[in-house]
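Colleague: Spelled out from the first residue to the last, the chains are:
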Amino acid sequence: MTTLEPFEAAAMIVLMIGSFLCLYRISRGPTAPDRTVAIDILGTLMVGFCCVMALMMKQEFYMNIAIAWALTSFVGTLALAKYLEGRCYDA
Amino acid sequence: MLDIGYGYWIIGIGLAFDLFGCIGLVRLPDVYNRAQAATKCVTLGTCMILGGVAWIGFADGDGAMGVKALICAAFILLTSPVGAHAVCRGAYLAGVKLWDQSVEDSFSSRAQEIRETQTQEGSVQGEEA
Chain A
24 MTTLEPFEAA AMIVLMIGSF LCLYRISRGP TAPDRTVAID ILGTLMVGFC
74 CVMALMMKQE FYMNIAIAWA LTSFVGTLAL AKYLEGRCYD A
Chain B
7 MLDIGYGYWI IGIGLAFDLF GCIGLVRLPD VYNRAQAATK CVTLGTCMIL
57 GGVAWIGFAD GDGAMGVKAL ICAAFILLTS PVGAHAVCRG AYLAGVKLWD
107 QSVEDSFSSR AQEIRETQTQ EGSVQGEEA
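Line by line, the protein sequences are chains A and B.
When you line the first sequence up against this note's numbering, it's residues 24 to 114, in that order.
When you line the second sequence up against this note's numbering, it's residues 7 to 135, in that order.
Treat the hints as calculated values from the structure; they're not laboratory data.
Even for Gly, the Cβ is constructed at its ideal location relative to N, Cα and C.
Be careful, since some hints might not be right.
[To be verified] Simulated crosslink set (EDC-like; lysine to aspartate or glutamate; CA at most 20 Å straight-line): (1) A:K81 with B:E119; (2) A:K105 with B:D66; (3) A:K81 with B:D66; (4) A:K105 with A:E28; (5) A:K105 with A:E31; (6) B:K103 with B:D36; (7) B:K103 with B:E122; (8) B:K103 with B:E119; (9) B:K103 with A:E108; (10) B:K46 with B:D36; (11) A:K81 with B:E122; (12) A:K105 with B:D68.
[As the list claims (entries may be wrong)] One side of the interface only, derived from the structure: several residues of chain B facing chain A at Cβ under 10 Å: (13) D9; (14) A41; (15) G63; (16) A75; (17) I77; (18) H91.
[What the hints assert, rightly or not] Pair by pair, the computed Cβ-Cβ distance ranges are: (19) A:M76 with B:F113: 19 to 27 Å; (20) B:V73 with A:V98: 19 to 27 Å; (21) B:P35 with A:M35: 28 to 36 Å; (22) B:D9 with A:T54: 26 to 34 Å; (23) B:L84 with A:I40: 33 to 41 Å; (24) B:A22 with A:F84: 25 to 33 Å; (25) B:G11 with A:P53: 41 to 49 Å; (26) A:E28 with B:T123: 52 to 60 Å; (27) A:E28 with B:G67: 17 to 25 Å; (28) A:M35 with B:F113: 35 to 43 Å; (29) B:I120 with A:E28: 45 to 53 Å; (30) A:R51 with B:I77: 29 to 37 Å; (31) B:G67 with A:S50: 43 to 51 Å; (32) B:I120 with A:M80: 23 to 31 Å.
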């Protein structure tokens, strides 16, 4: 069991506040693109979460999760953007 | 050789950028303002967090963590602006209005051309079908 360092606890709290602001924009966004942008930003924040977890636990496999999360988040954002533009997925 | 303390300073600056980007995502008036504020700030902030983790990894002698963090930073730096540009282009072509106090709309003529081409292609495909 690793002890919780003050710096890493503060980093987690800052990232959580940012995530809750993103969730507010996802729930209250007036249009669909607002929600898509907020989902993209939430995915980028999760990569930051994985980095802080890697520091906290001193385990480097969290960086693998960060790389995979960045890849899937990018693909999802592009699919939603194509959907917003009103074109087919295979065009 | 490398001082670990500088890594924590870089992570702290990146966290501040992340927080300000998310505040901009909530407080700005329309989707284009929100996208540019949030994308720029959060991309730079997360890349600085990754850079700080890489610094700490190299300083600790954990080279695998540092290299993976640098790869992830390069990937985010390449893909996050592309995703935001695609979403904003899709929003404009889907007809989302600009803020009523915006002063310039440089994309309107080009968007008109794109819409005309799409309707022509759609009519041709409709005739074939």
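Colleague: Against this structure, judge whether each hint is valid.
Modeller: For each hint, the structure was consulted:
1. A:K81 with B:E119: Between K81 of chain A and E119 of chain B the Cα gap is close to 54 Å, so the pair fails against 20 Å, i.e. violated.
2. A:K105 with B:D66: Judged against 20 Å, a Cα distance of about 43 Å means the pair is violated.
3. A:K81 with B:D66: The hint holds at about 10 Å.
4. A:K105 with A:E28: 43 Å, violated
5. A:K105 with A:E31: 38 Å, violated
6. B:K103 with B:D36: Answer holds: K103 of chain B to D36 of chain B is near 8 Å, not above 20 Å.
7. B:K103 with B:E122: 19 Å, holds
8. B:K103 with B:E119: 18 Å, holds
9. B:K103 with A:E108: Distance ~14 Å between K103 of chain B and E108 of chain A Cα, so the pair holds.
10. B:K46 with B:D36: It holds: about 16 Å lies between the C-alpha atoms, which stays within 20 Å.
11. A:K81 with B:E122: It is violated: about 56 Å lies between the C-alpha atoms, which goes past 20 Å.
12. A:K105 with B:D68: 40 Å, violated
13. D9: 15 Å, violated
14. A41: 5 Å, holds
15. G63: 7 Å, holds
16. A75: 6 Å, holds
17. I77: 7 Å, holds
18. H91: 9 Å, holds
19. A:M76 with B:F113: 19 to 27 Å: Given about 40 Å between the Cβ atoms, the range is violated.
20. B:V73 with A:V98: 19 to 27 Å: At 23 Å between Cβs, range holds.
21. B:P35 with A:M35: 28 to 36 Å: Cβ of P35 of chain B to Cβ of M35 of chain A: about 31 Å, so the range 28 to 36 Å holds.
22. B:D9 with A:T54: 26 to 34 Å: 47 Å, violated
23. B:L84 with A:I40: 33 to 41 Å: Violated: the Cβ-Cβ distance is about 27 Å, outside 33 to 41 Å.
24. B:A22 with A:F84: 25 to 33 Å: 28 Å, holds
25. B:G11 with A:P53: 41 to 49 Å: The hint (41 to 49 Å, Cβ to Cβ) holds, given that G11 of chain B and P53 of chain A are roughly 44 Å apart.
26. A:E28 with B:T123: 52 to 60 Å: 57 Å, holds
27. A:E28 with B:G67: 17 to 25 Å: 19 Å, holds
28. A:M35 with B:F113: 35 to 43 Å: About 40 Å separates the Cβ atoms of M35 of chain A and F113 of chain B, which means 35 to 43 Å holds.
29. B:I120 with A:E28: 45 to 53 Å: 52 Å, holds
30. A:R51 with B:I77: 29 to 37 Å: Cβ of R51 of chain A to Cβ of I77 of chain B: about 35 Å, so the range 29 to 37 Å holds.
31. B:G67 with A:S50: 43 to 51 Å: 44 Å, holds
32. B:I120 with A:M80: 23 to 31 Å: 48 Å, violated
Of the numbered hints given earlier, the model fails hints 1, 2, 4, 5, 11, 12, 13, 19, 22, 23 and 32; all others are met.
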